[in-house]
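Visitor: Let's have the full structure, built from the sequences with the hints guiding it.
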Amino acid sequence: MSAGGGAREEVLARLRAGRDAGAPRVAPGPVPRDYARRGEHEPGSAGALALLVERVEDYRATVTRVAGEGDVAGAVARLLVHAASVAVPPGLDRAWLEGTSAAVVVDGEPQALTAAALDHVDAVLTGAAVAVAETGTFVLDAAAPDQGRRMLTLVPDHHVCVIRARDVVGTVPEALARLDPAHPLTFVSGPSATSDIELDRVEGVHGPRRLDVVLVG
Amino acid sequence: MSTTDLPLPTVRPAHAPPGVGNLRGTRSFPAEARESLQDTQLRRNLGKATGVIRAKRAAVVDEVPDWEELRLAGSAIKTDVMARLPELLEQLEASVTARGGVVHWARDAAEANVIVLDLVRATGADEVVKVKSMATQETGLNEALEAGGVAAWETDLAELIVQLGEDRPSHILVPAIHRNRSEIREIFLREMPGVDPDLTDEPRRLAMAARAHLRRKFLSAQVAVSGANFAVADSGTLSVVESEGNGRMCLTLPRTLITLMGVEKVVPTWADLEVFLQLLPRSSTGERMNPYTSTWTGVTPGDGPQEFHLVLLDNGRSGVLADVDGRAALNCIRCSACLNVCPVYERAGGHAYGSVYPGPIGAVLSPLLTGITGEDDPNASLPYASSLCGACFDACPVRIDIPNLLVQQRAASVESHHRPTGQDVAMRAARVAMTSPGRFRAAEKGLGLGRALGGRSGRITALPWPASRWTSSRDVPVPPAETARDWFARTRPGRER
Numbered sequence: 001m002s003a004g005g006g007a008r009e010e011v012l013a014r015l016r017a018g019r020d021a022g023a024p025r026v027a028p029g030p031v032p033r034d035y036a037r038r039g040e041h042e043p044g045s046a047g048a049l050a051l052l053v054e055r056v057e058d059y060r061a062t063v064t065r066v067a068g069e070g071d072v073a074g075a076v077a078r079l080l081v082h083a084a085s086v087a088v089p090p091g092l093d094r095a096w097l098e099g100t101s102a103a104v105v106v107d108g109e110p111q112a113l114t115a116a117a118l119d120h121v122d123a124v125l126t127g128a129a130v131a132v133a134e135t136g137t138f139v140l141d142a143a144a145p146d147q148g149r150r151m152l153t154l155v156p157d158h159h160v161c162v163i164r165a166r167d168v169v170g171t172v173p174e175a176l177a178r179l180d181p182a183h184p185l186t187f188v189s190g191p192s193a194t195s196d197i198e199l200d201r202v203e204g205v206h207g208p209r210r211l212d213v214v215l216v217g
Numbered sequence: 001m002s003t004t005d006l007p008l009p010t011v012r013p014a015h016a017p018p019g020v021g022n023l024r025g026t027r028s029f030p031a032e033a034r035e036s037l038q039d040t041q042l043r044r045n046l047g048k049a050t051g052v053i054r055a056k057r058a059a060v061v062d063e064v065p066d067w068e069e070l071r072l073a074g075s076a077i078k079t080d081v082m083a084r085l086p087e088l089l090e091q092l093e094a095s096v097t098a099r100g101g102v103v104h105w106a107r108d109a110a111e112a113n114v115i116v117l118d119l120v121r122a123t124g125a126d127e128v129v130k131v132k133s134m135a136t137q138e139t140g141l142n143e144a145l146e147a148g149g150v151a152a153w154e155t156d157l158a159e160l161i162v163q164l165g166e167d168r169p170s171h172i173l174v175p176a177i178h179r180n181r182s183e184i185r186e187i188f189l190r191e192m193p194g195v196d197p198d199l200t201d202e203p204r205r206l207a208m209a210a211r212a213h214l215r216r217k218f219l220s221a222q223v224a225v226s227g228a229n230f231a232v233a234d235s236g237t238l239s240v241v242e243s244e245g246n247g248r249m250c251l252t253l254p255r256t257l258i259t260l261m262g263v264e265k266v267v268p269t270w271a272d273l274e275v276f277l278q279l280l281p282r283s284s285t286g287e288r289m290n291p292y293t294s295t296w297t298g299v300t301p302g303d304g305p306q307e308f309h310l311v312l313l314d315n316g317r318s319g320v321l322a323d324v325d326g327r328a329a330l331n332c333i334r335c336s337a338c339l340n341v342c343p344v345y346e347r348a349g350g351h352a353y354g355s356v357y358p359g360p361i362g363a364v365l366s367p368l369l370t371g372i373t374g375e376d377d378p379n380a381s382l383p384y385a386s387s388l389c390g391a392c393f394d395a396c397p398v399r400i401d402i403p404n405l406l407v408q409q410r411a412a413s414v415e416s417h418h419r420p421t422g423q424d425v426a427m428r429a430a431r432v433a434m435t436s437p438g439r440f441r442a443a444e445k446g447l448g449l450g451r452a453l454g455g456r457s458g459r460i461t462a463l464p465w466p467a468s469r470w471t472s473s474r475d476v477p478v479p480p481a482e483t484a485r486d487w488f489a490r491t492r493p494g495r496e497r
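Line order of the protein sequences matches chains A and B.
Just so we're aligned: 209 in my numbering is position 209 of the first sequence, and the numbers increase by one with no gaps anywhere.
Just so we're aligned: 83 in my numbering is position 83 of the second sequence, and the numbers increase by one with no gaps anywhere.
It should be emphasised that the hints constitute simulated quantities derived from the structure, not laboratory data.
Just so it is clear, CB atoms sit at the ideal spot from N, CA and C, and this is done for glycine as well.
Errors might be hidden in some of the hints.
Reference excerpt, derived from the structure (chain B facing chain A, CB under 7 angstroms, subset only) [to be verified]:
id: 1; residue: R12
id: 2; residue: L199
id: 3; residue: T200
id: 4; residue: P203
id: 5; residue: L253
id: 6; residue: M289
id: 7; residue: S294
Each pair of labels, with its calculated beta carbon distance range [what the hints assert, rightly or not]:
id: 8; chain 1: A; residue 1: G6; chain 2: B; residue 2: D196; range: 28 to 38 angstroms
id: 9; chain 1: A; residue 1: T62; chain 2: B; residue 2: T200; range: 22 to 32 angstroms
id: 10; chain 1: A; residue 1: D119; chain 2: B; residue 2: G148; range: 28 to 38 angstroms
id: 11; chain 1: B; residue 1: P420; chain 2: A; residue 2: V26; range: 31 to 41 angstroms
To list a few chain B residues with every Cβ distance to chain A over 10 angstroms, as calculated [stated by the list, open to error]:
id: 12; residue: G19
id: 13; residue: T26
id: 14; residue: L37
id: 15; residue: V61
id: 16; residue: A158
id: 17; residue: E287
id: 18; residue: Q423
id: 19; residue: A429
id: 20; residue: R439
id: 21; residue: E482
id: 22; residue: T491
id: 23; residue: P493
Guide: Okay, here's the thing in structure tokens:
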């Protein structure tokens, strides 16, 4: 629904009048899209993975590379060694948790976790929808069962994210093409940071201060 | 029975009305700049910060081989948006509404502030958490909420520094760029309740103090207010680009989210974000990607705010759209790269511009949004706050020809004068001389007099009033012994036309 009908009609009428009055003398042509849609590395290729590692580490996050799904639990256990508790979304592969001694809190089992409850949880473990090698970014899709509601990856101070090789693409355009804008999405590039003091980058403000990536494959 | 058609009132594009919001200072740019130039601390802070960001931006832009192609695409998408703005907004409204959001329209700053205040009151809350937003700075929303009994908590670190220091923002991206670490420490010690008295000026410690200060607010807030970097017409998706995670906190934890955005922020399709999500972070913070970008579409049951309001703001944008040249200023994606490369901004600082939009883009956007009311309008002086060096155009990720717009706005400034200034008179005289070859030749003959004034030094150091206002601070070189026309006639006899 829309509110305030009078303002709506007037703003639209003003914009129509402005659009016509200020129309360019020469009508613009189609949008030139000569930029690179694909990167130099194929999705999931060794080159894409190596670039992702370099770019994620550049943000002062860590990357642990493991050969296969069976090695994830060991890597996760080592990364969570100091965590007393870890939150996970309901659809996470529970095999990933087999080595950890942290108490596991599952969102929605039995009830949805509150922000206040999550504030007392040390870490969170999730998957990712897609990762962008060139920018060192991964994207969390709140509708994906192994990524979960947005607050899960926001309130705990330590985020461990498992990325599969097949989900690593080269460029931002390749990533957006794989995502559904109807779902809430969070693009994450390194731990929370600020450049607000003398434009010096400092890691760790309101989001998780520690970010560890486990790259599978 | 016959009916008579009543003529519909004609609706015209409008400037932002005066008296509300922060698009205009109280004094002219030269008057403000004269003061800020004497603040050596400010100049040191700005020089250091803009130097750092220029180097970072250059490094991450240089590594993108298709940067020019991205700029061309970004510019063309925005030009297309302006040509279809009313239709795209109607499409956006339909998409957001279909996904459970409520869309509101505001003619100006005052109306936007009332809409937001009423929405907050309807929730029963008496405070809101805020994501940094230029649109809410523009409308003066915080002051309006405060007057209505609602406390607004800025959560971006730089905005927090500005708010706690009862200061004004001086940069689009880093509103506290004029403060250094020890000044920030002093503000925190003075204004932040319960702060550790042993706080040092180490940036990491200062950031931790802000985290502790805001944590409880985030966990208990019922209402958040944000701006938007982009709104996608075909999907109804909104996007906020940020670094600290304060944006995610505001966009995720409260029950109600109110987003105020200028109408020009709409883009046609989801795929268009593939261009802007590359251009914006590299141009603004000089990073390959900013730490967090959030996108959301209406309301998602069980995740995030369950009530979402989108307020679409005109406040002068329709007036800018009506300006054939000026409308390019609406293409701005608020990256602030033009501020960081501008020699005038680097020395004068953001406060000298009066408006919340400082720097080269602000020097054109502010007078375009408000219109120029006359020679006493502070915004009439802004288009002159430039040496027209062109660095801003080179840095602009959407290729806004800011130098050209500055010249256009200088013309608009002169047009608005009720009584001619000395410069107007000189420019009009120049126009008379320079629009006719005969008159120009006659004027050249007068130049010999200038040589006599210069004497042996070859410099004219003092002229009678009104030209004394020029020579009191600068020398004028004497005119050459021979004009170009005479030289041409002498060296190529018989070919003069």
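Visitor: If a hint holds in the structure, say so; if it does not, say that too.
Guide: Status of each hint after checking the structure:
1. R12: Holds, because the Cβ-Cβ distance from R12 (chain B) to chain A comes to roughly 6 angstroms (cut-off 7 angstroms).
2. L199: It is violated, given that the least Cβ distance between L199 (chain B) and chain A is near 13 angstroms, above 7 angstroms.
3. T200: 12 angstroms, violated
4. P203: 4 angstroms, holds
5. L253: Holds: closest Cβ of chain A sits about 5 angstroms from L253 (chain B), inside 7 angstroms.
6. M289: 4 angstroms, holds
7. S294: 6 angstroms, holds
8. A:G6 <-> B:D196: 28 to 38 angstroms: 52 angstroms, violated
9. A:T62 <-> B:T200: 22 to 32 angstroms: 27 angstroms, holds
10. A:D119 <-> B:G148: 28 to 38 angstroms: 31 angstroms, holds
11. B:P420 <-> A:V26: 31 to 41 angstroms: 35 angstroms, holds
12. G19: Nearest chain A Cβ is 18 angstroms from G19 (chain B), so the label holds.
13. T26: 27 angstroms, holds
14. L37: 21 angstroms, holds
15. V61: Its Cβ never comes within 10 angstroms of chain A, the nearest being 13 angstroms, so this holds.
16. A158: 4 angstroms, violated
17. E287: At roughly 7 angstroms from the nearest Cβ of chain A, E287 (chain B) sits no farther out than 10 angstroms, so the non-interface label is violated.
18. Q423: About 28 angstroms separates Q423 (chain B) from the closest Cβ of chain A, which puts it past 10 angstroms; holds.
19. A429: At roughly 30 angstroms from the nearest Cβ of chain A, A429 (chain B) sits farther out than 10 angstroms, so the non-interface label holds.
20. R439: 30 angstroms, holds
21. E482: 41 angstroms, holds
22. T491: 40 angstroms, holds
23. P493: Label holds. Min Cβ-Cβ 43 angstroms, cutoff 10 angstroms.
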